[in-house]
Amino acid sequence: MSYSLQSFLIVSSLLFCLGMFTVLTRRNAIGVLMGIELILNGAGLNFVAFSRFLQPSQTASLLSGQIFTLFIIAIAAAEVAVALAIVLVLYSQMKTIDVEDFKELRG
Amino acid sequence: MKEIVLNVFILLTVIPCLWVALSSNIVHAAFSLLVTFFGVAGLYVLLGADFIGVIQVIVYIGGILVLIIFGVMMTQRGKLLSLSVQLPGKLFAGLLCGIILTALIMAASRSLWPVAVSLVNPEPTSAAIGDLLLGKYLAAFEVVSVLLLVALVGAVLIVRRSVRGE
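These protein sequence lines are chains A and B, in that order. Residue numbers for the first sequence follow our numbering, so the first one is -9 and each next one is one higher. Residue numbers for the second sequence follow our numbering, so the first one is 289 and each next one is one higher.
It is possible that part of the hints are untrue.
Claimed, not checked - Derived contacts from chain A toward chain B, CB cut-off under 7 Å, selection only: (1) V22; (2) F58; (3) A68; (4) V79; (5) S82; (6) F92.
Hints listed in this document are in silico derivations from the structure and should not be mistaken for laboratory results. No experiment lies behind these values; they were computed from the predicted model shown. No residue lacks a Cβ here, since even glycine has one placed at the ideal position from N, Cα and C.
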């Protein structure tokens, strides 16, 4: 692929869709978490590609897209810490991390 | 030359990513995720975002991936948990993702993006990002730092409570 905006957009769409497929098909809670990381990576790649290739407007600086990616990475770190804590607690109480077994809250 | 490097990093990103989605072994998926993150870091550097590339390696590979592998190893004593949904569900998910992927790729390639006429050569970004974080985006930066603190303390609290058996 050539060095253009479209190649990067296609790669990030692939990351997003494969991440979504992982989230939809895995029953292992940690596998679902991996899919979410793929989705967030796709979004971050999109932001950086746009900030590199698009014509910057008068008000926004050239680096705004990179700042967004930085915040996405920080929030992904927070999310994975909390999610893993929940998974570990569920495992210690129910002895499984199969997401289809967690139906205590089902009405 | 640039195109070759770009294609190497694209392959390095997409092929392990397929393995993450399709592998039945969760440990293999975790290690493929490592290669994917590395490929994305390379793409960031090719886009002139050197600081984000380094942060990607430090936070994703050094932090998040270690946590995920730790979680994988903590939660499977004896047997490997290669759980995944049955075939009809998989086909449906594949169809849905395929449709969305086609739509996204069509939108990306057909739209008329306001692309800059001439690309400026990338410069080192660390200083400029630091200026922006402590100037224009100070409020968001502070909120994110409080969010990180709360999330980490909360994670410790959740696990601690269950260890005590309350």
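Quick rundown of the hints versus the structure:
1. Because the beta carbon of V22/A sits about 10 Å from the nearest beta carbon in chain B, more than 7 Å, this interface hint is broken.
2. With a cut of 7 Å, the hint placing F58/A at the interface with chain B is violated, because the nearest CB-to-CB distance is about 10 Å.
3. Taken as an interface hint, A68/A checks out: its beta carbon lies about 4 Å from the nearest beta carbon of chain B, inside 7 Å.
4. Residue-level restraint check for V79/A holds (minimum Cβ-Cβ distance to chain B is 4 Å; threshold 7 Å).
5. Interface restraint check: S82/A against chain B, minimum CB-CB distance 6 Å, threshold 7 Å, status holds.
6. Evaluation of the F92/A hint against chain B yields a violated restraint, the C-beta minimum of about 13 Å exceeding 7 Å.
Against the hints set out earlier in the document, violations occur for numbers 1, 2 and 6.
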